[in-house]
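Student: Here is what each chain is made of, one letter per residue.
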Amino acid sequence: MKTIFSKYLVLLTLIIITISCKSQTLPLNTLMDNIPQGAYVKDLNNELNPYVGIYKGNYQGNEITLFINKVEHKFEKRTNKDYFMDVLDVKYIVKNSAGLVLQDTSNGNFSNIKLYSLGVNPEDSSADFHYSGTNCRVGWGLINLKKLSSTQLSWEYYPNNRIVSDATCPPGTDTTVYLPHTKGLVFTKQ
Amino acid sequence: MTVLLSLYSCIHEEIISSADPSSTEYTNKSLWKEDETYIKNVMQVYFENEAEIKKANGIPFWNYATTVETFDERFLMVPVVSNNKVVSVLQVPRRGSKIYFYYTYYPEHISFFQALVFGKHKKAITRENSTAAKSISCTTQTFAIWYPADESNPDPESGEGSWGTRTVVVCRELLEDCVSIIDEFGQCTGGGGNDPGYQYPGGGSDSPPKLPPRKNPCEKTKAISTDPAVTEKVGTLKEQSKIKGDNSGEKGFNVNLDGTTGGIIPGEKHSVDLGSEAGKQGGYHNHTPDGIKMHSPPDILKMLNYALAQPNGNLSNGFLGFVGSEKCSTCPDGYKYHNYIIRFSGNSQELEKFIFHTNWDKDALEIDYNNKVREIKKNPLYINQDKKLNNTGLQKLFFDTLKNMKMEEKVTLQKIEDNGLVQNIILDNAGNPSTIQCP
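Line order of the protein sequences matches chains A and F. Number 154 in my numbering belongs to position 154 of the first sequence; there are no gaps in the numbering. Number 322 in my numbering belongs to position 322 of the second sequence; there are no gaps in the numbering.
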């Protein structure tokens, strides 16, 4: 009798834990203030899927290849809370006209450089991306990718400004931003 | 300016006095001639009122007190030591017949005394300025300390190593500007309440020099915005902020403690190095055409370091400004300018918390900022016809950022109009940005 009671108690505890641990699921574009700690901001309507793919564009002699992948349940560490979110994660390779690689974040060598979506804009079929900037977070800002067709994206990059110092950015660090600082650059799906 | 450096011949090789540091007897162990009358009188007051005065751990090492080249019974600073470390610096200014004790925690002061008290080989350096007249009277103490390359032979006469220097600067006018209404954190309380001063046994009935009244944030920023040298350099930054394409980029300049301006510092396409904040009131830089026309989290953190660099706890003297521009068909020269200054308005404990005791995740701060930009842009109240953030939207972005950094009401935001007029930007009762014109 005592053993059966103990089993029920364990089962009941597990059920309570399961219920309490199930995080709240919210749609993309939920305002940051409305996202509770531990919640899941999910791509409920598959709005991220049309962007997935490999895209190429050319700017001032450089060839830029974007590798856009959908990452589900990405852990988001923010200033005052942590939660999970479905995002478009972008890795890129920038080559010059001679084919020399200027920057390649697809090979895992630049874990400090982050480029991923913050949300979508259904009104103009675009998505906004956070770009951490290159080394020393120089060039951090927003990037907007707008779907022109099923195979073309239009690129807009809005870099912010940064005061650096020897302490935060050792002299000699390559702080060149290789991503194209321009608007209306067309990328074509490969 | 010709700066002559001469070295005292003797090299001090003793470590701290073996005498009881808490002794009420005084023997000068600093490297300089000190105002011993003032030190002894202050010690007398301290020991008579120690229970009341003592607000921090540690023991004042009075033998290492320095009056920093002042000999008119007006000021001293003494290291407070706990477990063989200088943990704070007790500063004791006099105004009239009263003296005031307050504990300070400025890293440069602590580093100065740590080397002075515990350094083995050290020598004073006298610094003589050929130009004595300055707008602010600052006195300096500098000494050299020997860093042996090999600890087994630490003697500078025979061993390898190098000399490093430690300096402390005290600016008298700034100090006297505030001492009568200063609290234990080195902050001006704004007057009122009980005078926290102690009667000075030396009398000191002489009245202090006539000083200008303490400036409020409006006056401080007006002094900057109307300074011709600043105006000229801000003009350069305004032009820089318009440039698009390959010549686009950041520039900046600093304003020194004495009010003079440094030269224009050329930067890179998306960054500028304004250098150390030491000896500076503040700095200015431009935002580029595609950058957000508002102070960002890294700007706010930079401003905190300017606040920290202000002498004698006048934290709000420190500032950071930026200039940005956007095309505007109805504006006089075809451009609308965004010229904002920020200052720290909290106390020194809060400043320490934000600089030294907050583990900022800078990535997270910048993601939050970008996220907030896109959220605010979706509200038609906060954008202009070009779908860029308007003034209210930019100001809301700033206050939301302060909230995210838990710095609400700890940073002052001021807008400088093209005609030099200054506005304080505050949040009204409904939480919306509101403008108060400075007189």
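It should be emphasised that the hints constitute simulated quantities derived from the structure, not laboratory data. It is possible that part of the hints are untrue.
Said to hold, decoys possible - Which chain A residues face chain F? A few, computed with CB under 10 Å, are given here: (1) I54; (2) Y59; (3) E63; (4) Y92; (5) N96; (6) L100; (7) D128; (8) K147; (9) L148; (10) P171.
To be verified - Coverage of chain A stretches by chain F, computed from C-beta distances (three or more under 8 Å per stretch; other residues unrestricted): (11) 34–46; (12) 64–75; (13) 151–165.
Bear in mind that the values here come from a model prediction, so they are computed numbers and not experimental data. C-beta atoms are modelled at their ideal positions from N, C-alpha and C, and glycine is treated no differently.
Student: When I compare C-beta atoms, does the segment 64–75 of chain A have three or more residues closer than 8 Å to chain F?
Tutor: Violated: only 0 residues of the segment 64–75 of chain A have a Cβ under 8 Å from chain F.
Student: Taking the closest Cβ pair, is P171 of chain A under 10 Å from chain F?
Tutor: Given a least distance of 9 Å, the restraint on P171 of chain A holds.
Student: So, I54 of chain A near chain F? Judge it on the closest CB pair being under 10 Å.
Tutor: 25 Å, violated
Student: Should the hint that L100 of chain A touches chain F count as held when the rule is a Cβ pair under 10 Å?
Tutor: For L100 of chain A, the interface hint is violated, since the closest Cβ of chain F sits about 20 Å away, which is over 10 Å.
Student: With a cut-off of 10 Å, does the beta carbon of K147 of chain A approach a beta carbon of chain F closely enough for the hint to hold?
Tutor: 17 Å, violated
Student: Please verify that hint: L148 of chain A, Cβ, nearest Cβ of chain F, below 10 Å or not.
Tutor: With a closest approach of 19 Å, the L148 of chain A hint is violated.
Student: Close enough to count: is the Cβ of N96 of chain A nearer than 10 Å to one in chain F?
Tutor: With Cβ-Cβ at 16 Å, over 10 Å, it is violated.
Student: Can we keep the Y59 of chain A interface hint, with Cβ of chain F closer than 10 Å?
Tutor: With Cβ-Cβ at 12 Å, over 10 Å, it is violated.
Student: When I compare C-beta atoms, does the segment 151–165 of chain A have three or more residues closer than 8 Å to chain F?
Tutor: Contact hint for the segment 151–165 of chain A vs chain F: holds, 9 residues under 8 Å.
Student: Can you take a look at whether the segment 34–46 of chain A is actually covered by chain F? Rule is 3+ residues, C-beta closer than 8 Å.
Tutor: violated (count 0)
Student: At a threshold of 10 Å, is the proposed contact between Y92 of chain A and chain F supported by beta-carbon distances?
Tutor: 17 Å, violated
Student: Under 10 Å is the threshold here; is the Cβ of D128 of chain A close enough to any Cβ of chain F for the hint to stand?
Tutor: At 5 Å from the nearest chain F Cβ, D128 of chain A passes the 10 Å test, so the hint holds.
Checked against the numbered hints given earlier, the structure breaks hints 1, 2, 3, 4, 5, 6, 8, 9, 11, 12 and satisfies all the rest.
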